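Spelled out from the first residue to the last, the chains are:
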Amino acid sequence: QQQVKQSPQSLIVQKGGISIINCAYENTAFDYFPWYQQFPGKGPALLIAIRPDVSEKKEGRFTISFNKSAKQFSLHIMDSQPGDSATYFCAATGGFKTIFGAGTRLFVKA
Amino acid sequence: SQTIHQWPATLVQPVGSPLSLECTVEGTSNPNLYWYRQAAGRGLQLLFYSVGIGQISSEVPQNLSASRPQDRQFILSSKKLLLSDSGFYLCACSTLGEQFFGPGTRLTVL
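Residue numbers (the numbering used here), protein chains in the order written: chain B, 1 to 110; chain R, 1001 to 1110.
No lab work stands behind these hints, which were simulated from the structure alone.
Everything numeric in this text was worked out from a predicted model, so none of it was measured.
Every residue, glycine too, gets a C-beta built ideally from N, C-alpha and C.
It is possible that some hints are incorrect.
Estimated spans, in silico, between C-beta atoms of each pair [said to hold, decoys possible]:
| no. | chain 1 | residue 1 | chain 2 | residue 2 | range |
| --- | --- | --- | --- | --- | --- |
| 1 | R | Asn1063 | B | Asp79 | 26 to 34 Å |
| 2 | R | Ser1065 | B | Lys109 | 15 to 23 Å |
| 3 | R | Pro1014 | B | Ala110 | 41 to 49 Å |
| 4 | B | Ala29 | R | Ser1084 | 44 to 52 Å |
| 5 | B | Ile18 | R | Leu1110 | 28 to 36 Å |
| 6 | R | Glu1098 | B | Gly83 | 21 to 29 Å |
| 7 | B | Ala45 | R | Leu1083 | 25 to 33 Å |
| 8 | B | Arg61 | R | Pro1018 | 44 to 52 Å |
A few chain R residues that face chain B, going by a derived Cβ cut-off under 8 Å, partial list only [said to hold, decoys possible]:
| no. | residue |
| --- | --- |
| 9 | Leu1044 |
| 10 | Val1051 |
| 11 | Pro1103 |
Work out the full structure, taking the sequences as your base and the hints as a guide.
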């Protein structure tokens, strides 16, 4: 019940295309859903986050879509750029703990 | 905003040697603090978290221990390292649900 399932494991997208990463959770006590971006050898950096009272949040080229009834949320990266190539982690927070998905390695081809 | 410092950045240690990794936080008070381990190409495994000085919760039974001697200092230790302790160790702090990560320590046990 504490798991966050993330897919796909890896993703290759053409420059200018849309990257879509999906996550699903089980525990309805989670109340905060962040996405992190990690470059090799660096710590993860908070990218964008959403709370369950909102169905969508957009910041620049990054959008989170949240479906509370399905317990699913996704990250959309519009106009993907080679600089977006990184590993992306979804997460779900409840209380003191944050549970992370396994990560998606995104490669954007120039 | 908070800043998280971790040192050392990289460490190579022989099997059976002791370990001490330090994390300090600036720009916030009374944060929740976390230690994660990330194996190569893998997700984040929560090792320990702390909600206050001297308060440590362990998530995974293992060869490691943690201490919080001051509000903004978190230490990860081991008396005898194992090969399986190799990995990328990340310290994180959270306030209001958002987790922020330090730059990490790359530990190689030979």
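Verification of the supplied hints:
1. R/Asn1063 x B/Asp79: 26 to 34 Å: violated, 46 Å
2. R/Ser1065 x B/Lys109: 15 to 23 Å: violated, 45 Å
3. R/Pro1014 x B/Ala110: 41 to 49 Å: holds, 43 Å
4. B/Ala29 x R/Ser1084: 44 to 52 Å: With a Cβ separation near 32 Å, B/Ala29 and R/Ser1084 fall outside 44 to 52 Å, so the hint is violated.
5. B/Ile18 x R/Leu1110: 28 to 36 Å: violated, 44 Å
6. R/Glu1098 x B/Gly83: 21 to 29 Å: The hint (21 to 29 Å, Cβ to Cβ) holds, given that R/Glu1098 and B/Gly83 are roughly 23 Å apart.
7. B/Ala45 x R/Leu1083: 25 to 33 Å: holds, 30 Å
8. B/Arg61 x R/Pro1018: 44 to 52 Å: Since the Cβ atoms of B/Arg61 and R/Pro1018 sit about 46 Å apart, the hinted range of 44 to 52 Å holds.
9. Leu1044: This hint holds: R/Leu1044 lies near chain B, its Cβ roughly 5 Å from the closest one there, short of 8 Å.
10. Val1051: holds, 6 Å
11. Pro1103: This hint holds: R/Pro1103 lies near chain B, its Cβ roughly 5 Å from the closest one there, short of 8 Å.
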